[in-house]
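Colleague: For the record, the sequence lines run as chains E and B. Numbers 266 to 545, taken from this note's numbering, label the letters of the first sequence in order. Numbers 575 to 1396, taken from this note's numbering, label the letters of the second sequence in order.
These aren't lab readings, by the way, just hints derived from the structure by calculation. Since we're looking at a predicted model, the values are computed, not measured. Mixed in with the good hints, there may be bad ones.
Only pairs whose alpha carbons sit at most 20 Å apart, straight line, appear in this in silico SDA-like list of lysine to any residue [what the hints assert, rightly or not]:
no., chain 1, residue 1, chain 2, residue 2
1, B, Lys594, E, Asp467
2, B, Lys594, E, Gly473
3, E, Lys346, B, Ala1241
4, B, Lys594, E, Glu278
5, B, Lys758, E, Gly350
6, B, Lys1154, B, Tyr1182
7, B, Lys644, B, Lys1154
8, B, Lys594, E, Val474
9, B, Lys901, B, Thr886
10, B, Lys1341, B, Asn1283
11, B, Lys901, B, Ile1247
12, E, Lys346, B, Gln1310
13, B, Lys1058, B, Ile1030
14, B, Lys1394, B, Gly969
15, B, Lys739, B, Arg724
16, E, Lys346, B, Ile1030
17, B, Lys594, E, Glu501
18, E, Lys346, B, Glu1301
19, B, Lys596, E, Gln471
20, E, Lys346, B, Asn1331
21, B, Lys594, B, Lys739
22, E, Lys346, E, Asp500
23, E, Lys346, E, Asp318
24, E, Lys504, B, Asn1331
25, B, Lys596, E, Glu278
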Amino acid sequence: MAINSGPPPYPGEVLVQPVAGDEVGFFTDSSICIGCKACEVACKEWNNVPVDDIRYLNSSYDNTGELSANSWRHVSFIEQKRDDGVAWLMNSDVCKHCKHAACLDVCPTGAIFRTEFDTVVVQADVCNGCGYCIPACPFGVLTRREGIVDQPAETHVAQKCTMCYDRLKGGDEPACAQACPTKSIQFGPLPALRERAQRRLDVLHQEGVEAARLYLADESDNEVGGAGAFFLLLDEPAKYRYPERPITPTRRLRGMWLAAAAAAAVVLAGVGAAAASGRR
Amino acid sequence: MGSNMAENHPVGFQWVMEAKLKGAPVIHVDPRFTRTSANASFHVPIRAGSDIAFLGGVVHHILENDRWFKDYVLPYTNAANIVGEKFRDTEDLDGLFSGWDPAKEGYDTASWQFAGMAKANSAPEGQGSAAKAEPSGGLGGGLAGAEPERDETLQHPRCVFQLLKRHFSRYTPEMVEELTGVPKERFVQVAELLCANSGRERTSAIVYSVGWTQHTVGVQLIRTAAIIQLLLGNMGRPGGGIMALRGHASIQGSTDIPTLYDLLPGYIPMPHAEDLDLQTYLDGHVKSGGGWARLDSYLISLLKAYWGEAATPENDMNYGRLPRIDKDHSTYRTAIAMLEGKVKGYFLPGENPAVGSANGKLQRAAMAQLDWLVVRDLFLIESATFWQDGPEVAGGQTRPEDCKTEVFFLPAAAHTEKSGSFTNTQRLVQWHHQAIEPPGDCRSELWFYYHLGRVIREKLAASKDPRDRGILELTWDYGASGPKAEPSAEAVLREINGWDRAGRLLSGFAELKADGSTACGCWIYSGIYADGVNQAARKKPGSQQTWVAPEWAWAWPANRRQLYNRASADPAGNPWSERKRYVWWDAERAEWQGEDVPDFNRTKEPQYRPGEGAGGDAALSGDAPFIMQGDGRGWLYAPSAVLDAPLPPHYEPHESPVRNRLYEQEANPMREIYHHPLNPYNEDPEKYPFVMTTYRLTEHHTAGAMSRNVPVLSELQPEFFCEISPELAELRGLEQGGYAAIITARGRIHARVMVTNRIAPLQVAGKTLHQVGLPYHWGQRGLTRGDSANDAFPIVLDPNVHIQEVKAATCDIRPAERPKWP
Chain E
266 MAINSGPPPY PGEVLVQPVA GDEVGFFTDS SICIGCKACE VACKEWNNVP
316 VDDIRYLNSS YDNTGELSAN SWRHVSFIEQ KRDDGVAWLM NSDVCKHCKH
366 AACLDVCPTG AIFRTEFDTV VVQADVCNGC GYCIPACPFG VLTRREGIVD
416 QPAETHVAQK CTMCYDRLKG GDEPACAQAC PTKSIQFGPL PALRERAQRR
466 LDVLHQEGVE AARLYLADES DNEVGGAGAF FLLLDEPAKY RYPERPITPT
516 RRLRGMWLAA AAAAAVVLAG VGAAAASGRR
Chain B
575 MGSNMAENHP VGFQWVMEAK LKGAPVIHVD PRFTRTSANA SFHVPIRAGS
625 DIAFLGGVVH HILENDRWFK DYVLPYTNAA NIVGEKFRDT EDLDGLFSGW
675 DPAKEGYDTA SWQFAGMAKA NSAPEGQGSA AKAEPSGGLG GGLAGAEPER
725 DETLQHPRCV FQLLKRHFSR YTPEMVEELT GVPKERFVQV AELLCANSGR
775 ERTSAIVYSV GWTQHTVGVQ LIRTAAIIQL LLGNMGRPGG GIMALRGHAS
825 IQGSTDIPTL YDLLPGYIPM PHAEDLDLQT YLDGHVKSGG GWARLDSYLI
875 SLLKAYWGEA ATPENDMNYG RLPRIDKDHS TYRTAIAMLE GKVKGYFLPG
925 ENPAVGSANG KLQRAAMAQL DWLVVRDLFL IESATFWQDG PEVAGGQTRP
975 EDCKTEVFFL PAAAHTEKSG SFTNTQRLVQ WHHQAIEPPG DCRSELWFYY
1025 HLGRVIREKL AASKDPRDRG ILELTWDYGA SGPKAEPSAE AVLREINGWD
1075 RAGRLLSGFA ELKADGSTAC GCWIYSGIYA DGVNQAARKK PGSQQTWVAP
1125 EWAWAWPANR RQLYNRASAD PAGNPWSERK RYVWWDAERA EWQGEDVPDF
1175 NRTKEPQYRP GEGAGGDAAL SGDAPFIMQG DGRGWLYAPS AVLDAPLPPH
1225 YEPHESPVRN RLYEQEANPM REIYHHPLNP YNEDPEKYPF VMTTYRLTEH
1275 HTAGAMSRNV PVLSELQPEF FCEISPELAE LRGLEQGGYA AIITARGRIH
1325 ARVMVTNRIA PLQVAGKTLH QVGLPYHWGQ RGLTRGDSAN DAFPIVLDPN
1375 VHIQEVKAAT CDIRPAERPK WP
């Protein structure tokens, strides 16, 4: 699969070409995001994601607000007043494609599945709109698509980023990554992206940008088993409205079920014993 | 400076980001902290309209601290030229230069000339019959007479170098702080960074956009930047230069092959009414030295492209058929003429003056005086429907039935629906191929104008009237074919490239002849179809060629990627440094070599000196890199070609709450003012104490037709807003997310309030100065609607190029009710 296009993201870097079977993902380097929102537009155009409401959010240059069924990329604009002036942090958020995906765990219909690229995708035609996945997501990525007049078949259906599953199958990189003019959004095999991100972080630290950090690059800052989309941030995750330590709520499900089963067994055993003794 | 590159040129900004990742400092000087500032090394907030004070301060810093590049400045600029005795500077006349004629509101530039030289022939006097002189064309750098007197020691009190020093002597860091609001320490830091990153080993580039041009001192602003870049040795060298980022696709192309009234293709000046015949015209325009000395071959080849066999030496090459100008016919002057009932009909192809031009109210009133108006656009824009749903109709001031204008709306094809070229900021011509058929009645511009011409010619076919010959004799065959009879864009490109009598496509403008044996539609584009190949359609990836990438598309002229690149070598022809090696003299092969196509006579050795009476290229020395200037030198001092100043002074904007601290003369004395009830100016700074400025957002495109009608873009910036500081919000009781009225003598416009620290108040002349930011994309139509920021701005223009001052004016701002937009 040869799906990276354009120049390499950083001077002197080489392109990373994923090969079949690679686990692929996004590395979003917010330190070079210019907030142009080309990712949002490219995503909507390619995936036919509808415009639901044209309204002013009173939130800097952000009129998208959050990820939802109708916004699969969301550029946040965080204005900060600092001692030496102002800062304007921009970051393009996206579904994290968790390695331990709660949405997938709770989906009763099998509409959400893990692809051969190790990404997590909702099949609109299988989803029954039960909505279990919505509270399950630790990042608030999923919502149901409601009231889109020209797409009635997808009404009430949960929707989110597919990492352009169709494009990946066709040998193209996701639309947002291709549209990004500064390569703030990079697509490729995750191990190579993680290495590159670490090098970029080292450079920023050398330049004195001490607050720079990686988010979700490995399993150390989360309990979602690692992510297929990770970020280089210039401040604490909370400033970007990210959970400091996201947890897959279904993470302990197996344990809980086992505990429940054990408890039930104890109860049943107790009841059985009582019945047996009562019979006596 | 004067550019919000990340927001308005995001694709080009990737290269700035790459330079920054390689370690280049990126400085953003702008009234607002924008998405560009957020990605710059640092941001310097500045008062809108004070840029010359800032740049003049940089010139002062360079000269005072001896940071100029001597080995470059001495041979390559006119620093050593001695100016005539009668010249008086703004330092002598408190903001005016010698030669000021208050009655004519213009300058007699005789006293600006170099010692021992006559007035240059591009000086304005004697041209045109307008009250104000009206030069035309792109002929910079004309000089008359012999080599001027020079003092290579730069000690002569009237040499350009000393005049420059004196002119900017009061532009100290303290004065910069006083005028611009930039703390002097911050200013010195910027000036030092520029100096430190210039010289043999390094170069700095300056990027500007309409944040510089849309002022009454726009041309002088860019002149100041040019002086800095010449003093630091940053012109004609890789990584240097001044980049004018153009506002939309192929706006560069529409200047090269112009939609401007005073130009013929390739910056050939439009003839004036007095230029009765070809020889008179050529005598008045041909320069003795430099590239413009061959103007005759460029113009005659153009006449042959227009009229083919019908242009003969016997009929003066049909020169008499060319239209003439007698005065300013620029867009604002034309709007005013409409208002006065002097214009019958008007074409608006891809332009929306009801929203995009200064003083929208006047623009709409002007169009309502036409007999007919043709609008060609992708969408039904405000300029096509102003009579029906404009703000004046909504406000009850006019009624649709009172508008006498007959409006024809013709749907246009988008760029994906036709083949053609885009010429970008760096003169790169890139071909695009048609992807889909235009829907319904939509047609390309080429289709429209070709068939318009065809029908007019058919209607005139029987005419014996001599005035119709110019149309009937035109060559008018561009291979229209297919079900829609679409002309071939490549046929047009071939005509632009030019051919000889045998029909062979020319290899470049060097082949052009003045004897009528060549035809060429635009001399600077000649070579774009060399060898019968559409060179603009080349798309060889950068990874498969050198770093200059000469095989990606085609750049005018002659596929040169960097103009005046002879200056990348020292006078002896050697690179200034290994690091900045670009074009150099190869003594063994006795020719210029380089990474790029040398912008110089290939075989002219560096030691060449012109003999007595030499003309054209032969008149320029082997160490004169600026070959389109009459003397081959970079002009620190401009005795001609600019009307309003030979050296740039800081003038206040026409509307300014601040007094000019430097001169008694407040604003540009030559700025074009238009007094009319529909164009009132803010007179009282007490009443209008704040500075307002307009700009664009990434999410929208210019006057908005191409974005306000697109749902995925409209939702990203869904409402007209104004940006103000928390301090101004507090002062005027404005609330975040509430509504405000922006008040001027032109009326009130309403906007959502965005309170942000990104537009900080400044300390200017001892007082707090507040600025109001206004994106100008909105109008009455589309998926997102709102007041148009340009309705708040008056018409007041730069005298050289007639560009409106919408980057700095005054206003008040008050809380308001939610406006009644649906």
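Colleague: If you check each hint against the structure, which ones fail?
Modeller: 3, 6, 9, 10, 16, 17, 21, 23
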